[in-house]
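So the sequences go chain by chain: D and H. Per the working numbering, residue 1 is the first one in the first sequence, and the count goes up by one each step. Per the working numbering, residue 1001 is the first one in the second sequence, and the count goes up by one each step.
The hints are simulated quantities; they were obtained by calculation from the structure and are not laboratory data. Accuracy of the hints is not assured; some may be wrong.
What the simulated footprint calls covered on chain D by chain H, stretch by stretch (three residues with Cβ under 8 Å from a Cβ of chain H suffice, anywhere in the stretch; the number is not a length) [claimed, not checked]:
(1) 21-27
(2) 72-82
(3) 100-114
Restraint ranges, calculated between C-beta atoms of paired labels, are given here [said to hold, decoys possible]:
(4) D:Leu218 / H:Val1126: 37 to 43 Å
(5) H:His1095 / D:Glu115: 23 to 29 Å
(6) H:Phe1006 / D:Ile54: 51 to 57 Å
(7) D:Lys135 / H:Ile1170: 31 to 37 Å
(8) D:Lys124 / H:Val1306: 50 to 56 Å
(9) D:Gly73 / H:Leu1152: 55 to 61 Å
(10) H:Met1048 / D:Ile54: 54 to 60 Å
(11) D:Val18 / H:Val1126: 29 to 35 Å
Residues on chain H that point at chain D, a partial pick, calculated with CB under 7 Å [to be verified]:
(12) Gly1154
(13) Pro1156
(14) Asn1158
(15) Thr1191
(16) Val1192
(17) Ala1199
(18) Glu1205
(19) Thr1206
(20) Leu1209
(21) Val1212
(22) Asn1213
(23) Arg1215
(24) Ala1267
For glycine and all other residues, C-beta sits at the position ideal for the given N, C-alpha and C.
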Amino acid sequence: MAQPILSLRSINKSFGPVHVLRDVHLDVYPGEVTALVGDNGAGKSTLIKCIAGIYTPDSGEYIFDGNQVTVHGPRDATALGIEVVYQDLALCDNLDIVHNMFLGREQKKGAVLDESAMEVMARKTLDGLSVRTVKSIRQTVASLSGGQRQTVAIARAVLWNNKVVILDEPTAALGVSQTEQVLHLVRRLADSGIGVILISHNLNDVFEVADNIAALYLGQLAAQVRKADVTSSQVIELITTGKSAGISPVGANQ
Amino acid sequence: MLSIVFRKLRSWGRVMRGNQLMASLFILFVLMLFFTMTSSRFLTWDNMQNVTRSTSSVVIVGSAVTLVMIARGLDLSVGSLLAASGVLAASIASHGTNLWLSYLAAIALGALFGALNGTLVVGFKVTPIIATLGTLNIARGMAYLVTPSAILVGLPSNWSDLGTGSFFQIPYPVIIAVVIALFFGWLLGRTVFGRHVYAIGGNEETARLSGVNIRKVIFLLYLMSGLATGIAAVVLTSRLGSGDPNIGVGFEFQVIVAVILGGTSLAGGEGRIAGTIVGALIVGFLGNGLNLIGVEPFWQYVAQGVALIAAVILDRFTRRERSEASVRREVNSKDNFDKTEDPKSIGNSASHQGEIS
Ligand SMILES: Nc1ncnc2c1ncn2[C@@H]1O[C@H](COP(=O)(O)OP(=O)(O)O)[C@@H](O)[C@H]1O
Ligand SMILES: [Mg+2]
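With the rest of the complex left out, here is chain D (with noise of 0.2 Å):
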């Protein structure tokens, strides 16, 4: 097996006295679906925040691409190649989809904006991704359909030759067609070569597209298996009760 892209020690992480995650590991593989599951309040978003250099962790060890780092805010872990799509957050409803996809990181021609320049890197990427959905690149992506506006925070994401793309429940507000076209997108994002975290409350979703899965409980992760190798009714125990009959706890799949 390849070396992990991204890799977590024994992360630790309080909020005052609520010791929200315990001596946490998660490893995620470049060219793999890593789905991150657990109930709610297990621990989720505070881990993904730690990845994202939103929260820093207590304590724990943050392995990068082989090396120790440390990440000491949202720009650290985008300059590491780390990038997050927000469940709510990703998009601006009034900005069409090329501006979507370089909010915060547009390209220039001296003082002023290269529409034409971002306009093909935006229709390139979406080629890349076999995203055919969307009519114009044009469009203000409030008139976009769930489906197509995860597709473009997806593309958003993709846009900038990340190595580890997290996706934070990107199929709770679709419908059955939608979240399969999403889960087609996470699957070739896989693909491509990136290291994708996803976040999901479904384990439908999760089997279908996942490579590896992680699951926490009480901010403990209760094991992380290779998806070949568990059946959904032991991960439906993981998160409910942290352990299953044939699973050892933590690690045992390095």
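Dock chain H with the ligands against the given chain D, drawing on the hints supplied.
Positioned in the frame of chain D, the structure of chain H with the ligands alone reads:
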């Protein structure tokens, strides 16, 4: 009955939203047609020069305030600041200082107040309406502290050149207003800064997470609003030929009416400088026309108030669809969330996958 009116308003709103600028131009055209028919003195070269000359301050300040309002801010301090900057320039000039230095002092005071507004909003997280309401009073007080009554004597002979002169029949104030409007139009439409202004108005949190330096952008917006007000103060006091601490009462109101009539959304995220220019002309020609047909000045306040409220109601109806769509999305996502939250339902999800749509 009321629901029919609402429906009419909404369908009209849809048309307006399709082409906001055309709608504003249409209102301006109807207004001008009306006054041309009711007053022989309205459509004359002199009167056009007059109105555009006096509208230039609204255009200068309105251009900057358009950006502020697109980013969901507000600047109420511009009217008082007009007076404070104006009397400062007049006071300095009447003591024999170089004319251009006194103009520069007025612009610097504008920038200072702009920076103060920016600091209050960005640094101290005071809501824009309260922050600029505070500075509105501070600036007015300062204007009266500089001089309790209008400064008329001691002003240099060339004091009024800028405000009353013209270049090939085009008044200087109009030229200045056009240059400033072009600058803000360029800034808003062609630069990264302008793109970030729209993004902040669309969704501030998204903009922040995308790496936009929100605090810097918002601070600069208030700074530019103050700067533009300083420039407008120079143009206005020069035109009036005096430094009067009483000017600019209700000016902030005219600016906001112009910006909103010009199609800038109160909810932020949308708006254009061209629209604000048309909005300013609507405000200017409305006041001028009512004057010419002999309507008492008191009624002009009423007319402006009605114009503002009408513009805001139209704004609400035009944006309604958008907000309804986003509410629908939210509800939708919440539904799914609740359904899958319960661990038992995760277990069963394979059996009722179809429901999730
Ligand atoms: N900023 C915070 N301050 C205090 N407690 C927090 C904070 N963020 C999260 N928590 C707590 O940490 C736990 C894990 O939350 P979260 O990471 O959001 O879980 P999940 O995303 O898995 O639902 C919860 O009990 C939550 O109340
Ligand atoms: Mg969460």
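Now the hints, each set against the structure:
Closer than 8 Å: that is the beta-carbon criterion, and the segment 21-27 of chain D has 0 residues meeting it against chain H, so the requirement of 3 is violated. Three residues within the 8 Å Cβ limit are the bar, and the segment 72-82 of chain D against chain H gives 3, so the coverage statement holds. Only when three residues or more bring their CB closer than 8 Å to a CB of chain H does the claim for the segment 100-114 of chain D stand; here the count is 8, and the claim holds. The hint said 37 to 43 Å for the Cβ distance between Leu218 (chain D) and Val1126 (chain H), and at roughly 41 Å that hint holds.
Under the hint 23 to 29 Å, the C-beta atoms of His1095 (chain H) and Glu115 (chain D), about 51 Å apart, miss the expected range. Between Phe1006 (chain H) and Ile54 (chain D) the Cβ separation comes to about 43 Å, which falls outside the hinted range of 51 to 57 Å. As the Cβ distance of Lys135 (chain D) to Ile1170 (chain H) is approximately 45 Å, the hint placing it in 31 to 37 Å is violated. A beta carbon spacing of about 52 Å between Lys124 (chain D) and Val1306 (chain H) agrees with the range 50 to 56 Å that was offered as a hint.
Taking the beta carbon of each, Gly73 (chain D) and Leu1152 (chain H) are about 57 Å apart, inside 55 to 61 Å as hinted. For the hinted restraint 54 to 60 Å between Met1048 (chain H) and Ile54 (chain D), the CB-CB distance of approximately 57 Å keeps it satisfied. Distance hint check for Val18 (chain D) and Val1126 (chain H): the Cβ-Cβ separation is about 32 Å, which falls inside the suggested range of 29 to 35 Å. For Gly1154 (chain H), the shortest C-beta to C-beta distance to chain D is roughly 43 Å, which exceeds 7 Å, and the interface hint is violated.
Evaluation of the Pro1156 (chain H) hint against chain D yields a violated restraint, the C-beta minimum of about 38 Å exceeding 7 Å. Violation of the interface hint for Asn1158 (chain H) is found here, the shortest Cβ-Cβ separation to chain D being roughly 35 Å, above the 7 Å cut-off. The interface hint given for Thr1191 (chain H) holds, since its Cβ lies 6 Å from the closest Cβ of chain D, which is under the 7 Å cut-off. A cut of 7 Å between beta carbons decides the hint on Val1192 (chain H): the least distance to chain D is about 5 Å, and the hint holds.
For Ala1199 (chain H), the interface hint holds, the least distance from its beta-carbon to any beta-carbon of chain D being 5 Å, beneath 7 Å. Interface restraint check for Glu1205 (chain H): the shortest CB-CB distance to chain D comes to about 5 Å, inside 7 Å, so the restraint holds. Restraint check, Thr1206 (chain H) versus chain D: the minimum CB separation of about 5 Å is within 7 Å; hint holds. Hint on Leu1209 (chain H) holds. Least Cβ distance to chain D is approximately 6 Å, under the 7 Å limit.
Interface hint status for Val1212 (chain H): upheld, as the beta-carbon distance to the closest one in chain D is roughly 5 Å, under 7 Å. For Asn1213 (chain H), the shortest C-beta to C-beta distance to chain D is roughly 9 Å, which exceeds 7 Å, and the interface hint is violated. Annotation: interface hint on Arg1215 (chain H) violated; nearest CB of chain D at approximately 14 Å, more than 7 Å. A least Cβ separation of about 9 Å between Ala1267 (chain H) and chain D goes past the 7 Å threshold, and the interface hint is therefore violated.
The structure does not agree with the numbered hints 1, 5, 6, 7, 12, 13, 14, 22, 23, 24 stated previously, though it agrees with the rest.
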